[in-house]
Amino acid sequence: MSLPEPETLELKTSEDIVRARQRVRVCMKDQGFNLIDQTKMVTATSELARNTVDYGLGGTMQIESLVDGGRIGIRLTFLDQGPGIPDIELALKDGYTSGHGLGLGLGGSKRLVNEFEIWSKPGEGTRVMVTRWR
Amino acid sequence: MEKIPILKLGEILLVTIQVDMHDRLAITLQDDLTARIVKDHARGVLIDISSVEMVDSFIGRMLGNIAAMSLALGAQTVVVGMRPAVAITIVELGLSMQDVRTALNVERGIEMLRSAVEVSEEGTTHEPSGT
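Protein chains in written order, with this note's numbering: chain L, 1 to 134; chain R, 1001 to 1131.
Treat the hints with care, since some could be wrong.
To be verified - Some but not every residue of chain R turned toward chain L, in silico, with C-beta under 8 angstroms:
id, residue
1, His1022
2, Ala1085
3, Leu1095
4, Met1097
Hint data in this document are derived by calculation from the structure and do not stem from the laboratory.
Each residue gets a CB set at the ideal place from its N, CA and C atoms; glycine is no exception.
Bound-form chain L, shown alone (with noise of 0.2 angstroms):
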């Protein structure tokens, strides 16, 4: 079978978080992703969309599907260049924020993806990587 091309998004504003959202949840749907699959990785593509924008300064967000073995799969890997989390584990903690959230965002979106991936390193970024496979 034929994938589609990995695309990628820009993460500029409020708005774009809004559209990352939407495009991701075509993307599920077209993989055949059920109701409640579709609305974890929407949510989850809501919460560190928002955080790129938020804290990363704006960056971008790739979209990707995947298949390994029988499995299908959707991969997102959110970039920018902004100045980085200095303690990823003190900032996976739910209710840490060093804004004004709740702090939900990334440890709540690792617990909505099936693999999820961190690096950052101050002053030269952050990459978020999680995918969701059926």
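With the hints as your guide, set chain R onto chain L.
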């Protein structure tokens, strides 16, 4: 500017969220509702989220803020119509929504608000009778 309409039904303000809200729109709704509670002397706020496909921590916080602000102004808030997939997701996300009253649908939400308003009226209009 884009806005979410607020309808007045007697002492209740009714809001039906039918768009995928961006963050500024959510903040505008919070501010508009607070102003309308005062202007319309509302006793209850009903927020229908049956068309909402996703509640993230930002929208969750907005609902909590509306409930808290309305309470400070003497009005009760009930959120109705949450979709099952949304309910499952917010629990995993870690949103508690424990400060927000919820009901299954608009009808039950209105019942809940009417009885809450009656109870608070009994509390304020009746003379203390030694109980």
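Verification of the supplied hints:
Interface hint status for His1022(R): upheld, as the beta-carbon distance to the closest one in chain L is roughly 4 angstroms, under 8 angstroms. Hint on Ala1085(R) holds. Least Cβ distance to chain L is approximately 4 angstroms, under the 8 angstroms limit. For Leu1095(R), the interface hint holds, since its Cβ comes within 8 angstroms of a Cβ in chain L; the closest pair sits about 7 angstroms apart. For Met1097(R), the interface hint is violated, since its Cβ never comes within 8 angstroms of a Cβ in chain L; the closest pair sits about 11 angstroms apart.
In summary, the one numbered hint that this structure violates is 4.
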